[in-house]
Amino acid sequence: MSILQTTHLTKQYGQAPNLVKALDDVNISVEQGEFVAVIGTSGSGKSTLLNMLGGLDRPSSGSVKVDNFELGKLSDEDLTVFRRQRIGFVFQNYNLVPVLNVYENIIMPIQLDGKKQDEGFIKEITSLLGLENKLYQMPNTLSGGQQQRVSIARALASKPAIVLADEPTGNLDSKTSGEVIELLKMTSKKFHQTVVMITHNPEIAEQADRCIRIEDGRTTEERR
Amino acid sequence: MKRQTSILHILTKRCFQKNKGRNLAAILAIFLTAMMFAALFTMAQSLEQNITEMYLRQAGTTAHASAKQVTDIQIKKIAEHPDVVNYGSSIVVGIAENQQLAGRQLEIRYADSQYAKYSFAYPSKGKLPEKQNEIALDTLTAERLGIPLELGQPVTLEWKKEPNSPEAVSSHFELCGWWEGNLSSYAGMAWVSEAFALDACAGAPAPSLDEGRILGLRMMGVSFSNHKNIEAKIAKVLSETGMAQVEFSPNLTYTPEMQYSIFMENMPIYSGMVLVFLAGYLIIFNVFQISVALDIQFYGRLKTLGMTKKQLKKLVFGQGNRLSFIGIPIGLIAGWILGAVLVPSLVTVKGMDTTASASPWIFIGSALFSYITVTASCMLPARMAGKVSPIEALRYTDADINLKKKTKKSKNGASLLGMAWANLWRSRKRTIIVICSLTLGFVLMSYFYAENASFDMEKYLLDFAAADYQLDDATNNLSDGYRPESQTISDMLLSDIAALGSVEETGRLYTHQTKMGISEQAQNNLKAFYHEERLKDFAANDPGFPNWKAEFDKVIAGQENEYTVYGADMLVLEAAASSNYILDGAFDQEKFASGNYALAVGPSTSPGSGLPTWAVGEKVEIAGREFEIMAVTSPFQPMVKGSGPVFDLPLVIPADVFLELWPESHLRKFFFNVSDDAMEEVYSLLSEYQKGGSMGMNIVSRQTIAEQYEAQRRSSAVTGYAISITTALVGVLNFVNSMATAIISRKREFAMIQSIGMTKRQLRRMLDLEGLFYAGLTLAASYFLGSVVVGVVVRGMEGGFTTFHFTLMPLVCCTPVLLLLAVLVPFLCFRNLEKQSVVERLRAI
Chain V
1 MSILQTTHLT KQYGQAPNLV KALDDVNISV EQGEFVAVIG TSGSGKSTLL
51 NMLGGLDRPS SGSVKVDNFE LGKLSDEDLT VFRRQRIGFV FQNYNLVPVL
101 NVYENIIMPI QLDGKKQDEG FIKEITSLLG LENKLYQMPN TLSGGQQQRV
151 SIARALASKP AIVLADEPTG NLDSKTSGEV IELLKMTSKK FHQTVVMITH
201 NPEIAEQADR CIRIEDGRTT EERR
Chain E
1001 MKRQTSILHI LTKRCFQKNK GRNLAAILAI FLTAMMFAAL FTMAQSLEQN
1051 ITEMYLRQAG TTAHASAKQV TDIQIKKIAE HPDVVNYGSS IVVGIAENQQ
1101 LAGRQLEIRY ADSQYAKYSF AYPSKGKLPE KQNEIALDTL TAERLGIPLE
1151 LGQPVTLEWK KEPNSPEAVS SHFELCGWWE GNLSSYAGMA WVSEAFALDA
1201 CAGAPAPSLD EGRILGLRMM GVSFSNHKNI EAKIAKVLSE TGMAQVEFSP
1251 NLTYTPEMQY SIFMENMPIY SGMVLVFLAG YLIIFNVFQI SVALDIQFYG
1301 RLKTLGMTKK QLKKLVFGQG NRLSFIGIPI GLIAGWILGA VLVPSLVTVK
1351 GMDTTASASP WIFIGSALFS YITVTASCML PARMAGKVSP IEALRYTDAD
1401 INLKKKTKKS KNGASLLGMA WANLWRSRKR TIIVICSLTL GFVLMSYFYA
1451 ENASFDMEKY LLDFAAADYQ LDDATNNLSD GYRPESQTIS DMLLSDIAAL
1501 GSVEETGRLY THQTKMGISE QAQNNLKAFY HEERLKDFAA NDPGFPNWKA
1551 EFDKVIAGQE NEYTVYGADM LVLEAAASSN YILDGAFDQE KFASGNYALA
1601 VGPSTSPGSG LPTWAVGEKV EIAGREFEIM AVTSPFQPMV KGSGPVFDLP
1651 LVIPADVFLE LWPESHLRKF FFNVSDDAME EVYSLLSEYQ KGGSMGMNIV
1701 SRQTIAEQYE AQRRSSAVTG YAISITTALV GVLNFVNSMA TAIISRKREF
1751 AMIQSIGMTK RQLRRMLDLE GLFYAGLTLA ASYFLGSVVV GVVVRGMEGG
1801 FTTFHFTLMP LVCCTPVLLL LAVLVPFLCF RNLEKQSVVE RLRAI
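First to last, the sequence lines map onto chains V and E. First residue of the first sequence: 1, per the working numbering; consecutive thereafter. First residue of the second sequence: 1001, per the working numbering; consecutive thereafter.
Note that these hints are calculated values from the structure, not bench results. Any given hint might turn out to be false.
Lysine to any residue pairs mimicking SDA-like chemistry, simulated, CA-CA at most 25 Å apart [said to hold, decoys possible]:
| hint | chain 1 | residue 1 | chain 2 | residue 2 |
| --- | --- | --- | --- | --- |
| 1 | V | K116 | E | T1759 |
| 2 | E | K1127 | E | T1062 |
| 3 | V | K115 | E | A1420 |
| 4 | E | K1408 | V | T141 |
| 5 | V | K115 | E | L1416 |
| 6 | V | K115 | E | S1415 |
| 7 | E | K1125 | E | A1195 |
| 8 | V | K115 | E | D1768 |
| 9 | V | K65 | E | K1760 |
| 10 | E | K1747 | V | N93 |
| 11 | E | K1835 | V | G14 |
| 12 | E | K1409 | V | E119 |
| 13 | E | K1760 | V | D57 |
| 14 | E | K1747 | V | N171 |
| 15 | V | K73 | E | V1839 |
| 16 | E | K1408 | V | P139 |
| 17 | E | K1411 | V | Q117 |
| 18 | V | K159 | E | T1759 |
| 19 | V | K116 | E | K1411 |
| 20 | E | K1747 | V | E77 |
| 21 | E | K1409 | V | P139 |
| 22 | E | K1408 | V | Q137 |
| 23 | V | K134 | E | K1411 |
| 24 | V | K123 | E | T1407 |
| 25 | E | K1429 | E | L1820 |
| 26 | E | K1747 | V | P139 |
| 27 | E | K1408 | E | R1746 |
| 28 | E | K1411 | V | R86 |
| 29 | E | K1409 | V | N140 |
| 30 | E | K1408 | V | E132 |
| 31 | E | K1835 | V | E77 |
| 32 | E | K1409 | V | T141 |
Take these sequences, add in the hints, and give me the full structure.
Written as structure tokens, this is what we have:
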């Protein structure tokens, strides 16, 4: 059963004659527990796709279905709630809240949802990600790689349906990049967690179970 | 070099144009600062001008120095001295005796035009007399004499060539000019022509002040290039002209003591300026700090491109200058108008005309002060811009948390409350400045309100109004003394008042000056009381001290002196001898009525024995009758107010006993209470009587006293309120600006939090909480400091006419307003923020 599915997903910006088709009839589907990479050059529409999948933006036509929820039918407010419950984001620039320490950053989405965090699970992921000694540190005292680990921990903490990672290694050197991807892959396996990662780097994309290439708003499947 | 400055200029200009909203906040802040400076300067200048004018009118002349007895030759010689810039001279002819003048002294004199100008008596309509039969008067005198204000109207004066000559002559004149009369001058002037004056003097013996012959007396007023060191200037002129024998007295208004007292009157205003500077600094600094912080990456880029520290600083100061250029001029105009509106309420002297000064110094001074404030405020932000490191700037966010904090031992900070609290301290300096700025305004407001609220009308009325109505004889306040034979308060008037049937209680007051010696005990009391330090203090505060001291020395040397004996009963006696006025001894009404006892009136001081007058239990002989001193009282204003000997040791005896001693006496003052419903009836009766030939009679009603009190209270409140309200306003502006910037600069961060699952509602709640924390902290600080200031400082000032009440009323009133703002500002900013979608905001850098 696919956990994520898009049908005839189209996103257009502007009006004719300046009409830009960022996404053009995209049909993809991701299975539970898969680690999928979306690869494309800059301007190919990969970020737009990610925004659609995460419910940050609305399609011009077509639909996005995540965990059996039809995103187009949700209100803005419901979308937000949907996001914090079923989607974990990992951003290129980490996007940690500067006034919160590592632990608080990780549990923030759960707290915002008014739920109690699963301490055992948090402990498990933080030790897996090598953060157990840094829980009380403020984000600005951490290195980029460490910050991205916090961001991954945050994305996993709420046990979401999918983790969406937007160029998670874009700000990191190659060694750290490798480590971060390794961690993403490892957690995906360990927790049977679906991960959709966007990148422009073919080497990084190769690490994934499956690769979807996107170019000028159209997707092509690359199977290995 | 030229090109370099011009590119800097262009940058300054473009930066300025880019940030319209931010500039508005800065201009508003500068405007408020400049406005308050201008208003305060206007008030200070006007107050000084008005008080000086009042003193000058009391002195009767604007001349820097005047001589009361000179000869024509001396006048000519002095006038020729190079230091003398201007001079005027006058010839005394006599004193008018017309009945209608009702005690107001009217001197008949010739004056040249400069002397008339010096004396505030230059005709505003018509001209000074030239022909023998011409005369110029002030409007008050003309009114009393019943002469319509038209040129050529006949004027008849009954006058005496010498004050003590028995017969009066009658002369007829034609009115040739008049000027606005003023009650604060001690005597009126009637100018006649030189021809008339010389004619009148012909054949008269040489005038001499010592022997009381005033006919033909030449007087002179001179002025110098400025009013500094007048005494030295006179001495120089006199010695260089070889006329050391001529006596010139400097104008009291220009003595250092008077100048100091004028300065002290303005003290609250000057301290207000310090507060304005502080408040202005707090906000302008904050606005610039925010502005530089938001643009720091821009400054970093400029530095990367090769701009030096100095140039960057110049860029910031350039913005300050541009903003000042707009904000200060508008502020100056608004401030001057505000000041002009407030000036009248500052002046407590009744009937004094007030004018708002438009001296260029007001504008120069306040512009300078405002500009200094702006420059001072720009200093730190400019340094911050100058010090920017190109690399760091790219990472810098306005909401930079302080780097000292590396870890935070907490697990529940991710709640909305925790985040809001943490956000508040992201830029600790700014939060503290905003809280200080608001607190300053609120505490000042509380202080001034509490101070004003502590004014106690009851205490004031107790001291200044003995009855519903008090009538003063027309001669009560004359500079040359009260005349017991004057009958302004006539028997007819008294019976008319009695006939109204609404009079409830009365009080009579007679006085008589009698020459007597004082006991050795009293002399010792005087010597002990007026020790050196007290005398020094006295000398510093009272320009009349030298005269007083001369009399004092005579008295303690054992000489006889004139003292006032009061004959009082009922209302006035009860008030004057009420328990809070008794300084020593005890007042027993029945014993006192027996006629064997007297009260001695001492100075206004704290109770005790050894007061500088007769001691309790001493025997004193008044007009051949012996009295025992029953008690010493402090002076009761409604009783003692009026002219009297320079050095006086007054005594009070029962009115009936007084009439036995001096049966010819007439009432000096009359006090009476009437039933409430008859107030108006009585007032109209009195004012009718006043108009019918008793212009000089003074009517004091409890009502007028209350009004006077209100004026005093208003005066003390107005500056304070103006300052504190502006300060609070500045604080609020600061608060709004900070809140708004804090939200706008975190646009991206909010988008990020929203993207990982914070709902709009939660975000709004968090912002509301931030605002409420801000407001809460401010209120906590304000309530605490306000309580301290009110509870300690204002309480400490109790005394005189104030009774302390603890009140934080303004703070209580401002609390809901501040809380509302704390919610409203985030709400409005958030609405603005919402116009952009999360994705757009996430992308924006």
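Hints, one by one, checked against the model:
1. V:K116 <-> E:T1759: Cα-Cα ~18 Å, so holds.
2. E:K1127 <-> E:T1062: holds (20 Å)
3. V:K115 <-> E:A1420: holds (19 Å)
4. E:K1408 <-> V:T141: holds (12 Å)
5. V:K115 <-> E:L1416: Given pair V:K115, E:L1416 holds - Cα atoms ~14 Å apart, limit 25 Å.
6. V:K115 <-> E:S1415: Holds, at roughly 11 Å.
7. E:K1125 <-> E:A1195: OK: E:K1125 and E:A1195 at ~22 Å, within 25 Å.
8. V:K115 <-> E:D1768: This hinted pair holds, its Cα atoms lying about 22 Å apart.
9. V:K65 <-> E:K1760: holds (23 Å)
10. E:K1747 <-> V:N93: This hinted pair holds, its Cα atoms lying about 15 Å apart.
11. E:K1835 <-> V:G14: holds (18 Å)
12. E:K1409 <-> V:E119: Answer holds: E:K1409 to V:E119 is near 17 Å, not above 25 Å.
13. E:K1760 <-> V:D57: holds (15 Å)
14. E:K1747 <-> V:N171: The given pair, whose Cα atoms are some 22 Å apart, holds under the 25 Å limit.
15. V:K73 <-> E:V1839: The given pair, whose Cα atoms are some 19 Å apart, holds under the 25 Å limit.
16. E:K1408 <-> V:P139: Judged against 25 Å, a Cα distance of about 11 Å means the pair holds.
17. E:K1411 <-> V:Q117: With a Cα-Cα distance of about 11 Å, the restraint between E:K1411 and V:Q117 holds, given a limit of 25 Å.
18. V:K159 <-> E:T1759: holds (19 Å)
19. V:K116 <-> E:K1411: holds (12 Å)
20. E:K1747 <-> V:E77: Holds. E:K1747 to V:E77 sits at ~18 Å (cutoff 25 Å).
21. E:K1409 <-> V:P139: At roughly 14 Å apart (the allowed maximum being 25 Å), V:P139 and E:K1409 satisfy the hint.
22. E:K1408 <-> V:Q137: Distance ~6 Å between E:K1408 and V:Q137 Cα, so the pair holds.
23. V:K134 <-> E:K1411: holds (13 Å)
24. V:K123 <-> E:T1407: holds (19 Å)
25. E:K1429 <-> E:L1820: holds (24 Å)
26. E:K1747 <-> V:P139: Holds, because 19 Å separates the two Cα atoms, which is no more than 25 Å.
27. E:K1408 <-> E:R1746: holds (22 Å)
28. E:K1411 <-> V:R86: holds (23 Å)
29. E:K1409 <-> V:N140: With a Cα-Cα distance of about 16 Å, the restraint between E:K1409 and V:N140 holds, given a limit of 25 Å.
30. E:K1408 <-> V:E132: Holds, at roughly 15 Å.
31. E:K1835 <-> V:E77: holds (15 Å)
32. E:K1409 <-> V:T141: Cα-Cα ~15 Å, so holds.
In summary, this structure violates none of the numbered hints.
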